[in-house]
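Model the full structure from these sequences, guided by the hints.
Protein chains in written order, with our numbering: chain G, 87 to 227; chain V, 87 to 227.
Hints may be right or wrong, so weigh each one.
It does not matter which identical chain is meant; a pair holds if it fits inside one copy or across any two.
Unchecked claim - Lysine to aspartate or glutamate pairs mimicking EDC-like chemistry, simulated, CA-CA at most 16 Å apart:
hint : residue 1 : residue 2
1    : Lys190    : Asp215
2    : Lys146    : Glu221
3    : Lys194    : Asp96
4    : Lys173    : Asp96
5    : Lys146    : Asp108
6    : Lys135    : Glu199
Hint data in this document are derived by calculation from the structure and do not stem from the laboratory. Since the model is a prediction, treat every value here as computed from it, not as a measurement.
Protein chains: 2
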Amino acid sequence: MKKELPCRSDCPITFSLDVVGDKWSLIVLRDLIFARKRYFQEFLGSPEKIASNILASRLKLLEKAGLVTRAADAVNARRVIYAPTAKALDLLPVMLEMLLWGTKYHAKANAPEPFVRRAATDRAGLIADLRAQLEPKLALR
Amino acid sequence: MKKELPCRSDCPITFSLDVVGDKWSLIVLRDLIFARKRYFQEFLGSPEKIASNILASRLKLLEKAGLVTRAADAVNARRVIYAPTAKALDLLPVMLEMLLWGTKYHAKANAPEPFVRRAATDRAGLIADLRAQLEPKLALR
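So, in structure tokens, the structure goes:
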């Protein structure tokens, strides 16, 4: 697979799209960050029904891009546990803006209303709270 | 071409990715919104070197998704002019956050420094200014 995170230009928007500009990467990060999923099987259970080969490929690319860590689970060393990195948490603003845009334009959007309201009115506070919950766990890696 | 903007789930992030989750859509919107490009040939000239068949396909999908309008040019009716819609301008926050993330993580990111600084410190003001410049032109369509 010749997917070496090419840089098509030095435009920072293009750079972001080179890393997460596809239909799946930000869904996997959503599951890691918002739903706190950590195991391969858990990602397969999301409503988007990602195929296991696509999931495996995405997780590898995300690890290579420095957005996901992969480690042996502390409880069962034969099980792999995934976690988002600080670089992935820095995509929170992008994801929250996508959440707001999708909520505005998708009639059946189903994100919890208090969460959407907070993303719209207190984005900085919401991001700070999510970071406070997630970052101490990153530090262990 | 069976690309009917499928909805993989009712998650609003997924909805946004179903519409603009690819390597090119937001680059075309960047050219329309920030660089004010309006003609097919102009998009071909961007540093990412989009292929003309991909550009044609993207413009069709963006039009179908209500993000781009396509009209006969007022000056030369045989020439097609493209413009972003209000729905596309509502993606400004997503694009600016991608700009900030890309600027942080791409060593060679080349967005103008005053623009990046303003996106980071006065995002609402920057968006209001961009809207004020772009929206009166949308109203003509």
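Same-copy or cross-copy closeness of lysine 135 to glutamate 199 [CA-CA at most 16 Å]: neither (24 Å within a copy, 41 Å between copies)
Intra/inter-copy verdict for lysine 194 and aspartate 96 if alpha-carbon distance must be at most 16 Å: Between. Shortest inter-copy distance 6 Å satisfies the 16 Å Cα cut-off; intra-copy 37 Å does not.
Same-copy or cross-copy closeness of lysine 146 to aspartate 108 [CA-CA at most 16 Å]: For lysine 146 and aspartate 108, the Cα distance is within 16 Å only inside one copy (14 Å; across copies 18 Å).
Alpha-carbon proximity between lysine 173 and aspartate 96, which holds within one copy, between copies, both or neither at 16 Å: Classified as neither: same-chain Cα gap 19 Å, cross-chain 27 Å, threshold 16 Å.
Intra- versus inter-subunit Cα pairing at 16 Å for lysine 190 with aspartate 215: neither (24 Å within a copy, 22 Å between copies)
Lysine 146 and glutamate 221: within-copy, between-copy, both or neither at 16 Å Cα: Neither way: lysine 146 and glutamate 221 sit 22 Å apart in one copy and 42 Å across, limit 16 Å.
Of the numbered hints stated above, those contradicted by the structure are hints 1, 2, 4 and 6, listed in ascending order.
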